[in-house]
Amino acid sequence: MKKLSLISLFVLVMRRDLVLAMRRRADVLTTLIFFVMVVSLFPLGVGPEMDMLRKMAPGVLWVAALLSSMLSLGRLFSADYLDGTLEQMLLAPQSLSVLVLGKMVSHWMVSGLPLVLLTPVLGLQFDMSAPAIGVLMLGLLLGTPILSMVGAIGAALTLGLRGGGVLLSLLVLPLCIPVLIFGTGAVQAVSSGLNVSAHLSLMGALLVLALAFTPWVTAQALRISME
Amino acid sequence: MARNGQMLSYIILRCSISGLYFMLEVSNLACSRGDHRLFSGLSFALYPGQIMQIQGANGSGKTSLLRTLCGFIMPDEGKISWDGTDVKDLDEDYFAQMIYLGHLNAIKDELSALENLRISAGLSGVELNEKDAISALRRMGLKGRERLPTKVLSQGQRRRVALARLLVNDAALWVLDEPLAALDVGAVALIGELIAEHLAGQGMVIFTTHQPLIVAGMEMRSLSLS
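Same order as they appear, the protein sequences are chains A and B. Going by the working numbering, the residue at position 211 of the first sequence is 211; the numbering climbs one at a time, nothing skipped. Going by the working numbering, the residue at position 137 of the second sequence is 137; the numbering climbs one at a time, nothing skipped.
Be aware that a few hints might be false.
Stated by the list, open to error - 25 Å max Cα-Cα, derived SDA-like pairs, lysine to any residue:
| id | chain 1 | residue 1 | chain 2 | residue 2 |
| --- | --- | --- | --- | --- |
| 1 | B | Lys143 | B | Asn129 |
| 2 | B | Lys131 | B | Gly144 |
| 3 | B | Lys151 | A | Arg25 |
| 4 | B | Lys131 | B | Gln97 |
| 5 | A | Lys3 | A | Leu90 |
| 6 | A | Lys55 | A | Val121 |
| 7 | B | Lys79 | B | Gly34 |
| 8 | B | Lys131 | A | Leu20 |
| 9 | B | Lys131 | A | Leu6 |
| 10 | A | Lys3 | B | Gln97 |
| 11 | A | Lys3 | B | Pro48 |
| 12 | B | Lys88 | A | Ser97 |
| 13 | A | Lys3 | B | Gly203 |
| 14 | B | Lys88 | B | Arg37 |
| 15 | B | Lys88 | B | Arg33 |
| 16 | B | Lys88 | A | Leu6 |
As the list claims (entries may be wrong) - Cβ pair distances, simulated, as ranges:
| id | chain 1 | residue 1 | chain 2 | residue 2 | range |
| --- | --- | --- | --- | --- | --- |
| 17 | B | Asp170 | A | Ser197 | 52 to 60 Å |
| 18 | A | Lys3 | B | His103 | 22 to 30 Å |
| 19 | A | Val208 | B | Ser40 | 44 to 52 Å |
| 20 | B | His210 | A | Asp83 | 21 to 29 Å |
| 21 | A | Arg223 | B | Asp184 | 30 to 38 Å |
| 22 | B | Glu77 | A | Ser197 | 51 to 59 Å |
| 23 | A | Asp83 | B | Gly49 | 28 to 36 Å |
| 24 | B | Ala57 | A | Ala212 | 45 to 53 Å |
| 25 | A | Lys3 | B | Gly84 | 18 to 26 Å |
| 26 | B | Gly59 | A | Met22 | 38 to 46 Å |
| 27 | B | Ala45 | A | Leu211 | 38 to 46 Å |
| 28 | A | Ala212 | B | Pro48 | 40 to 48 Å |
| 29 | B | Asp86 | A | Asp83 | 27 to 35 Å |
| 30 | B | Ala45 | A | Arg15 | 39 to 47 Å |
Bear in mind the hints are in silico, worked out from the structure with no lab data behind them. Note that this is a predicted model, so its numbers are computed, not measured. Even glycine gets a Cβ: it sits at the ideal position worked out from N, Cα and C.
With the sequences and hints as input, model every part of the structure.
Structure below.
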């Protein structure tokens, strides 16, 4: 029988999760609508003071992105856990880390990438300038994969626990603080005419670090949770 | 010529030795869930072509034993070895040699039987083309239902989709936890047939069931947990 290569395994898992997400569109849409709602509530609540809105825009968008990714993380492994697919994944003769990476990437494509694409529209509500929106998008593009990957560790550790969703947020949100700081810092820098490369480079470094370690850590966490 | 002869007999000897060790061996295994000791001092060996049924009342640790064999549960004591090597050291090489079918079917309601089978084959490291997948599903009696989402199938039919994995995998060891649950008489006979074929090809089966399973021409070993 023909053996599956690591890359085809990665593609298989990623494509499977994307197909499942497309067939359960409600789950995906609720997260996105949550993001849009939270962000839109601020201009309504704070009032139309452009200076203040411009200043708070990056923070609001980033915090909303963090919260909406927390919402979707709970589902990352739970469906597979409940129907026994996760057992089969742990018994896969290839690397579990590659499999986990496939799930992380598809999670990001479904819950992180749409946030990046929605940002220009939402940024207009805060009267953000074009360069600020550009940097915010770039920051989210680098940062949301980190949220998916670090969040996956929390999702794996809280698998099968009652009230796991709250615990997941308590575990993961503190770990995401650096991403929040560099992400909002970059936008503030570009707004005050400073160079943004330092902030974005640090985000890039965090992303590389997350790519290197989180799949393995998540795989170990899954093995612990399944026992 | 004499050298060649020696070589040949050496190779035959090596093959027979490795053939001899190609087996599952459990020694002095103990397992507990919480504070409750399920079993201890359990030892057995399973050789190619052998089938073993784990027997015991509800809660006697049948599923825990099978899950321990799969490495989901760390045993309190004892060792499980495959081909003479501890499975802890073999890890993924051992997983390539075994297939586990638990209480849960591991199929997705949103996917069709065909998609489910191809994905689960992929997870166990086998690249399965559509033609082979369809013929495996037909053999399991799912003709005409290959492309339906599995949520419209009955419990028994879903179990058949899960069992179709056995047909598309060349793993030597089958670990089956209640494979006959929800199956009708025809399907039970089919599973008996599949197991007989697997054993004839020097495979090994370890399973639990509360229903009678007839495997033609094979001696059924049994292990009682009490």
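Hint-by-hint comparison with the structure:
1. This hinted pair checks out: Lys143 (chain B) and Asn129 (chain B) have alpha carbons roughly 17 Å apart, not beyond 25 Å.
2. About 14 Å separates the Cα atoms of Lys131 (chain B) and Gly144 (chain B), which keeps this hinted pair within 25 Å; it holds.
3. Taking the CA atoms of Lys151 (chain B) and Arg25 (chain A), the gap is near 17 Å; set against the 25 Å cutoff, the hint holds.
4. Proposed proximity of Lys131 (chain B) and Gln97 (chain B) is supported: the alpha carbons are some 24 Å apart, at most 25 Å.
5. Of the supplied pair hints, the one linking Lys3 (chain A) and Leu90 (chain A) holds, its CA atoms being roughly 18 Å apart against a limit of 25 Å.
6. Restraint check for Lys55 (chain A) and Val121 (chain A): satisfied, since their Cα atoms lie roughly 17 Å apart, inside the 25 Å limit.
7. Among the hinted pairs, Lys79 (chain B) with Gly34 (chain B) is consistent with the structure: their alpha-carbon atoms are about 20 Å apart, no more than 25 Å.
8. The hinted pair formed by Lys131 (chain B) and Leu20 (chain A) meets the criterion: a straight-line CA distance of about 23 Å does not exceed 25 Å.
9. Restraint check for Lys131 (chain B) and Leu6 (chain A): the C-alpha separation of about 23 Å stays at or below 25 Å, so the hint holds.
10. Restraint check: the Cα-Cα separation between Lys3 (chain A) and Gln97 (chain B) comes to about 13 Å, which is no more than 25 Å; the hinted pair holds.
11. For the given pair, Lys3 (chain A) sits about 23 Å from Pro48 (chain B) by alpha-carbon distance, which is consistent with the 25 Å threshold.
12. For the hint pairing Lys88 (chain B) with Ser97 (chain A), the CA-to-CA distance comes to about 18 Å; that is within 25 Å, so the pair holds.
13. Between Lys3 (chain A) and Gly203 (chain B) the alpha-carbon distance is near 19 Å, which keeps this suggested pair within the 25 Å criterion.
14. A hinted pair counts as satisfied when its Cα atoms are at most 25 Å apart, and Lys88 (chain B) with Arg37 (chain B) qualifies at roughly 22 Å.
15. A hinted pair counts as satisfied when its Cα atoms are at most 25 Å apart, and Lys88 (chain B) with Arg33 (chain B) qualifies at roughly 20 Å.
16. Distance check on the hinted pair: Lys88 (chain B) and Leu6 (chain A) sit about 22 Å apart at the alpha-carbon level, within 25 Å; holds.
17. A beta carbon spacing of about 53 Å between Asp170 (chain B) and Ser197 (chain A) agrees with the range 52 to 60 Å that was offered as a hint.
18. The hinted window of 22 to 30 Å between Lys3 (chain A) and His103 (chain B) holds, with their beta carbons roughly 28 Å apart.
19. In this structure, Val208 (chain A) and Ser40 (chain B) meet the distance hint of 44 to 52 Å, their C-beta atoms being roughly 48 Å apart.
20. In this structure the hint that His210 (chain B) and Asp83 (chain A) lie 21 to 29 Å apart at CB holds, the actual value being about 23 Å.
21. Between Arg223 (chain A) and Asp184 (chain B), the C-beta spacing of about 36 Å keeps the proposed range 30 to 38 Å intact.
22. At about 58 Å, the beta-carbon gap between Glu77 (chain B) and Ser197 (chain A) stays in the expected band of 51 to 59 Å.
23. The hinted window of 28 to 36 Å between Asp83 (chain A) and Gly49 (chain B) holds, with their beta carbons roughly 33 Å apart.
24. Between Ala57 (chain B) and Ala212 (chain A) the beta carbon distance is about 49 Å. The supplied range of 45 to 53 Å therefore holds.
25. Distance hint check: the CB atoms of Lys3 (chain A) and Gly84 (chain B) are about 24 Å apart, consistent with the given range 18 to 26 Å.
26. Checked against the given bound of 38 to 46 Å, the beta carbons of Gly59 (chain B) and Met22 (chain A), roughly 42 Å apart, stay inside it.
27. At about 44 Å, the beta-carbon gap between Ala45 (chain B) and Leu211 (chain A) stays in the expected band of 38 to 46 Å.
28. For the pair Ala212 (chain A) and Pro48 (chain B), the supplied restraint of 40 to 48 Å holds, since their beta-carbon distance comes to about 42 Å.
29. Distance hint check: the CB atoms of Asp86 (chain B) and Asp83 (chain A) are about 31 Å apart, consistent with the given range 27 to 35 Å.
30. Separated by about 41 Å at the C-beta atoms, Ala45 (chain B) and Arg15 (chain A) satisfy the suggested range of 39 to 47 Å.
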